[in-house]
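Enquirer: If you want the building blocks of each chain, they are given just below.
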Amino acid sequence: MALPAFAVYASLYLYPALTNLLYATQRWDGITAPEFTGFRNITYLLTEDDLFRKALGNNLRFMLVVVIFQTGFALLFATFLLKNSKTNIFLRIVFFFPTILSSVSVGIIWTFLYDPNYGSITAFLKTIGLGDRAPLWLGNESLTLYSIALTQVWFHTGQMIVIYVAGLQQIPKELYEAAEVDGATRWQQFKGITWPMALPTTAVVVAYTTIQTFKAFDLIFAMTGGGPSYASEILVTQIYNTAFISQKFGYASAQSVVLVVLVLFITWLQRKTLRLNDGTK
Amino acid sequence: MYKVLRSSLLSVYAAIILVPCMIVITGAFKTDFEIYTKPLSLPAKWSFDNFRKLFVESNIAKPFFNSVTVAVFSVLITLLFASLAAYAISRLMTVTGKVLFLLFSLGLAIPGQVNIIPIFQLFVKLNLNNSLIGLILVNIALTLPISIFILSAFFKDLPKEMFECAGMDGAGQFRIYRSIALPLSKPALGATAIFLFVICWNDLLYPLMLITETSKKTLPLVLIDYKGEYFASYSMQFAAILVASLPMVLMYLFMQRTFQAGLTAGAVKG
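Chains A and B are the protein sequences, given in the same order. Counting the first sequence from 1 gives a position; my numbering is that position plus 7. Counting the second sequence from 1 gives a position; my numbering is that position plus 206.
These are calculated hints, taken from the structure and not from any lab test. A few of these clues could be false.
Derived DMTMM-like pairs (lysine to aspartate or glutamate); straight-line CA-CA distance at most 25 Å [claimed, not checked]: (1) B:244 to A:139; (2) B:209 to A:184; (3) B:209 to A:189; (4) B:433 to A:122; (5) B:209 to A:187; (6) B:259 to B:419; (7) B:422 to B:240; (8) A:133 to B:370; (9) A:133 to B:238; (10) A:222 to B:238; (11) B:433 to A:148; (12) B:244 to A:42; (13) B:331 to A:42; (14) B:209 to A:181; (15) A:255 to A:36; (16) A:255 to B:419; (17) B:331 to A:36.
Keep in mind the model is a prediction, meaning the values are calculated, not measured.
Bound conformation, chain A alone (with noise of 0.2 Å):
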């Protein structure tokens, strides 16, 4: 019963993921006969590539800024949104929503809103009198990357706001009337129950945003194709780049291996220091 299944999974995932592991020992434009050349790849991509540096460097500071603030958020708000009112259901629902747009629509609207000129946010800056400050969000090169990541926190956060009222809501309600027994403050409260307990969740919400932001290719395609010079591009527009606009694809390959390793130690680092936590507590 799991035949179909697994020959769909073997021969378009499995495989080529072996492939993939052949190819990044080549040299090889995609057209004309391959030549081995083993390792060559991979040691010039790690020792000498300074444009994959970037790159790489790019990916984890989008990530880190982005698993920080869409943490943060999303936990603040799931604290605020944790009873079942019918206020709350309507906020979680509007909080929500961007969840189910594509990246290509989320990133066409934010780069209006960025427009220099005819954006809403200049507008909007404008009106409160810091028009001529105004930065070039998407055009300023140290500032990009950091544009992009608060798109990617508008569009999910609302998606973990979800996971973690469904986590908080776990939590049992009498830890907390005992705590105001006592007569402990709402910060308290947090430090002493809700993060402790939520750590379960907070784990499943750092792991999942983790993955997401090496998946923005979609929205940084549409906003910035990883530009202006690769002040946004991470390590998947980076390989797209590499394969289907400078034809190189064994280099490519090469790139997309040492993307799989990062992101299998991330994730294997994250479980680690998830264990631990549990351990102390």
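Once you've looked at the hints, dock chain B against the given chain A.
Expert: Relative to chain A, chain B alone:
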């Protein structure tokens, strides 16, 4: 103090979500000049020009139809294959089941984007580029692991006794799968279907790579094209976004709970 802080933060956040949506919805019916000068107001005159252009000149109905075809077939076939596999893994096999599950778990850990190059090369060889069938196959392969993961967790929680009774009454495995497992798992299947539908409907990377023929393009691809073609006209781009998002938005309005369940099910242990 807490109450004031809470309600002001909630209002600000709601505004940050709703204002851009209002700008897009009203903007699609406005002139570009109006979008820049009065982004928040209703259109002075509701104009359907942009939509006429999209449907008559750009023929957006074609990519719309392509997206529907790809999404519907991808979701249905994935659900069928995944539920069969999940049933087998969680109910029947012991050793093979564990091995299979481990193999599918690999697909969960590794983001599907890393396969773009081998998939592209393979599909060019098989003449599956520029084909909707190719896109459907890719979608199935990419979403099977997560679907099997969600569904097998659900099947494991179903009461054993029901399956045992059915077995004793002489029902074969397919019969049990069809008459017991599937009907009982309707909520899980619905949530997974929504989850898959959103992924397939919104995907850009694989269509971008595999589809170059205009007649085969899906909505995210033509949205990118419009961004270039109508770069000077946000109202056109907004109208295109409305058309492309409409099915999702309508479904969301009627089934928020299923959406929320589906789009977070993928996260649990993901």
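Enquirer: Please go over all the hints and tell whether each is borne out by the structure.
Expert: Outcome of the hint check:
no. : hint           : verdict
1   : B:244 to A:139 : 19 Å, holds
2   : B:209 to A:184 : 19 Å, holds
3   : B:209 to A:189 : 21 Å, holds
4   : B:433 to A:122 : 13 Å, holds
5   : B:209 to A:187 : 17 Å, holds
6   : B:259 to B:419 : 21 Å, holds
7   : B:422 to B:240 : 35 Å, violated
8   : A:133 to B:370 : 70 Å, violated
9   : A:133 to B:238 : 19 Å, holds
10  : A:222 to B:238 : 33 Å, violated
11  : B:433 to A:148 : 22 Å, holds
12  : B:244 to A:42  : 59 Å, violated
13  : B:331 to A:42  : 19 Å, holds
14  : B:209 to A:181 : 22 Å, holds
15  : A:255 to A:36  : 5 Å, holds
16  : A:255 to B:419 : 23 Å, holds
17  : B:331 to A:36  : 15 Å, holds
Violated hints, listed in ascending order, are 7, 8, 10 and 12; each of the other numbered hints is respected by the structure.
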